[in-house]
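Both chains are sitting in their own frames, so use the hints and assemble them into the complex.
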Amino acid sequence: MRPFEFIKPDSEASAIELLGKLSPNVRILAGGTDYLVDLKHTADVPKTVMDISRLPELKGIDEVDDGLRIGAGVTHTEIMQNPLIKKYAPAMIHAAHTIGAVQTRNLGTIGGNLVTCVPSMDSGPTLVALDAEVNIVGKDGTRRISLTDLFVGPRKTSLKSNELLTEIIIPKRSLGKPANFYKFGLRKGQALALVNAASSLWIKGGCFKDLRISIGAVAPVVIRCLKAEKYLEGKKIDEKLVKEAGNIAVTEAKPIDDFRASQSYRNDLIAVLVTRTINAAIDLADKD
Amino acid sequence: MDVELIINGEEKTASIPPETTLLKLLREEFYLTGAKTGCDVGDCGACTVLVDGEAVNSCLMLAGQLQGRSVETIEGLANLEDFHPLQKNFEDLGSLQCGFCGPGMILSAKQLLEENPEPTKQEIQDAIAGNLCRCTGYTKIVEAVADAAKEMREEP
Ligand SMILES: Cc1cc2nc3c(=O)[nH]c(=O)nc-3n(C[C@H](O)[C@H](O)[C@H](O)COP(=O)(O)OP(=O)(O)OC[C@H]3O[C@@H](n4cnc5c(N)ncnc54)[C@H](O)[C@@H]3O)c2cc1C
Ligand code: FES
Ligand code: FES
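Those protein sequence lines, which keep their order, are chains D and H.
Count along the first sequence from 1, add 404, and you get the number used in our numbering.
Count along the second sequence from 1, add 43, and you get the number used in our numbering.
Just so you know, the hints here were simulated from the structure itself, not pulled from any lab data.
Heads up, the beta-carbon is just placed ideally off N, CA and C, and yes, glycines get one too.
Certain hints may be false.
Unchecked claim - One-sided and incomplete, this derived list gives chain H residues near chain D with beta-carbon spacing under 10 Å:
(1) PRO60
(2) ASP83
(3) GLY85
(4) THR91
(5) VAL94
(6) GLU97
(7) LEU103
(8) LEU105
(9) GLY107
(10) GLN110
(11) ARG112
(12) GLY147
(13) GLN154
(14) GLY173
(15) ASN174
Just chain H, with the same shape it has in the complex (with noise of 0.2 Å):
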């Protein structure tokens, strides 16, 4: 079947067997390998993207799922000149170990703080209670999360 659909703004389309997932979609057919593969059954979060803004699962999506919708992925955050503020805390922090989880954290935490831009701590520790990290224990992607948002409160 043919599927389009909007990838980090751009418009695209794939044919794909009907069974295919949006992950693997990403990750198969557009080389977006940011989204990673980890329980591949809604548990773990590592394969977390924002469709129309919300984080989902892309593990339990079928692409056909996504005909008409906009996909956005890690690859999509940073431009030429910048990272997105909440990469570039993770970076400044040491947030990440790993990685793994990293793109997957960092886009919950982008849905959260585009709907509320000053979250408390139970809040951050709400919005990505579905992106499990082996590593780090967590407390560092906590504060890095909420310096992004000082940070894009006061330079938006």
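Chain D with its partners taken away, still in its complex shape (with noise of 0.2 Å):
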């Protein structure tokens, strides 16, 4: 690795100064599993990498007035062994145990997964489907935007480089909200998604109502299936209407063709993740 500087802030407000005063000649490192892989192979080194990793503002997950909070500094295996999360978001479990092993899930956190921005990023899919928000703190003050307003490219997010993301808010409405996630690799531990995807939906007098589809790997960044959740939404649970909005998804996405697998290949896969995602949510849900 090329030389930097090292620098430790030991609060949220003193890292937000730093990178007020530094950037853009800083870079933040949380668990490094994403960004110590780019910092070995890259020229382009910052003059400073500021570690956040244990910043105790960035830690915790906590039930607020409006949601679920989950701080961005929070490891993939705290997911996998919270009581709040098990008990409102339990997808996200299921989602956090998909991602490398037990190694990366120790170090990597749930801010580092989103901002790295990978379309295959496996918190992805379950957080949009649960139309999650993220707080973002910079010099100016806090702003909090949709999660999928993060999402601008393959490795691109709208953060600035004075910018930090602090949390990751499940709303209210989606506490408890019936969802799936599904990832399908090649291999079932340390391998990224050929496509990943997941569902949420609530079942009101037989119908879907609040239907929300989320898929990854398979666009520049993770999407919601807006037409296929339209062709659903308010309509009487159906398997062949499923199996349908699972073909509408493929017309919504653009998977690449490449070494791992072919586009129409991903293209099967996408409906048939979509329409089991759709369909465990189903299975999940209060039939009233």
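Here it is as structure tokens:
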């Protein structure tokens, strides 16, 4: 690795102040499972690397007035073991479990996963399906945006270089919402998703309500399948319609063709995964 | 920069450039060469050590992140009298061939057994999914972890 300075602020406030002062010649380091790999292979080394992995303000998962707050510095292992996540958003546990292996999950954070912004990120689809929002703090204050507005392109977010992602909020209306995540990779362990997907829904009077479908690894960023959602919204639960929604979702994606899988195989996977996650969420839902 | 940390129970200090990884710190400053350099990008698990009890890839941590923390390496497992039950059972079963993956494999298994004294086969496989072995096919590794778990339950 090429030389850089290493700093480790001891509070969120001082991290933000330092970011303001040093940007754009500073980069944030959380778990390092993405960024250290980059640092080893790039000539584009910042002057300063700022470690935020142990900032207390970025830790913790708490119930707050408007929903569930997950600190950006929470690791995938902490998500898997957290009772509030288990109670309110268990699909996230499943998603976290598919990330890398134990060592990666012990270090890697949910904030780092979202900010790296690779299309195959495994925490994206479930959070998008639960209408998650993120809090971003910079020297000019805090802004709250919807998670989908964080994602701009492959490895590109709407964060400015002097801003810190501080927390992810799952809104109250999504807490306990039946949801399911499914990842398809070439192996179970240590493999990126060829396609991943998550769906969430309520059932009211036997009909779909507030259905959300999100897929990853098949477009420049994790996306919502708005057409497929619209197709099912308000309709009576019916296996054939769910299958058709899977086909509609395929038209909303633009998967790549590469050595790991062809475009047409990925398209087939989208239809299957969307169908499966909706059906799994239906199984979890109260049917009144 | 200076880093103070605890390695295998002993307080240590090192003066190193900030771009030093934990793996490099262990191997080149303290000559603890049990943690191996395999891929150096988080894929193989040969560099696995325990930081505050959790298995991590030491190639993906900067030494500066270890300030005040406690690291356990394979060198810290045995004492003068005896091997750790994991080490004993790996040896008894002949679980390793070249041995390159061994230190990381055993430390991943150690985290597992500390959290879950009675793991299922699947839980053992999940715990070592980040430790690649090019020689053995894993069968005897998984068996040795299960045997060690049993032994540790019987005589804690
Ligand atoms: C072997 C291996 C397997 C992997 N498998 C998977 C997988 O299956 N699925 C998957 O989705 N990912 C996988 N990853 C990728 C990675 O582990 C995750 O994306 C992880 O969550 C990244 O988090 P981190 O804390 O390590 O981020 P870091 O590497 O510390 O940071 C990543 C980026 O985010 C920025 N950043 C981090 N936190 C913040 C913040 N709070 N505010 C602003 N910017 C921030 C950093 O500046 C950097 O640009 C794998 C990685 C490895 C090494
Ligand atoms: S050397 Fe660290 S994971 Fe391979
Ligand atoms: S014994 Fe050779 S790599 Fe595992």
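Hint by hint, here is what the structure shows:
1. Of the supplied interface hints, the one on PRO60(H) holds, with its beta-carbon coming within about 6 Å of a beta-carbon of chain D, less than 10 Å.
2. Interface hint status for ASP83(H): upheld, as the beta-carbon distance to the closest one in chain D is roughly 7 Å, under 10 Å.
3. The interface hint given for GLY85(H) holds, since its Cβ lies 6 Å from the closest Cβ of chain D, which is under the 10 Å cut-off.
4. The closest approach between the C-beta of THR91(H) and any C-beta of chain D is roughly 6 Å, which is under the 10 Å cut-off, so the hint is satisfied.
5. A cut of 10 Å between beta carbons decides the hint on VAL94(H): the least distance to chain D is about 8 Å, and the hint holds.
6. A cut of 10 Å between beta carbons decides the hint on GLU97(H): the least distance to chain D is about 4 Å, and the hint holds.
7. For the restraint placing LEU103(H) at the interface with chain D, the shortest Cβ-Cβ distance is roughly 5 Å, inside the 10 Å limit, so the hint holds.
8. For LEU105(H), the shortest C-beta to C-beta distance to chain D is roughly 6 Å, which falls under 10 Å, so the interface hint holds.
9. A distance limit of 10 Å between C-beta atoms decides the matter here; for GLY107(H) the minimum to chain D is near 4 Å, and the interface restraint holds.
10. The criterion of a C-beta within 10 Å of any C-beta in chain D is met by GLN110(H), whose closest approach is roughly 7 Å, and the hint holds.
11. Because the beta carbon of ARG112(H) sits about 9 Å from the nearest beta carbon in chain D, less than 10 Å, this interface hint is met.
12. Given hint, GLY147(H) at the interface with chain D, holds; its Cβ is 8 Å from that chain's nearest Cβ, closer than 10 Å.
13. Contact between GLN154(H) and chain D, as hinted, is supported at the beta carbon level, the nearest pair being about 7 Å apart and thus within 10 Å.
14. Nearest Cβ of chain D to the Cβ of GLY173(H): about 3 Å, under the 10 Å cut. The hint holds.
15. Restraint check, ASN174(H) versus chain D: the minimum CB separation of about 8 Å is within 10 Å; hint holds.
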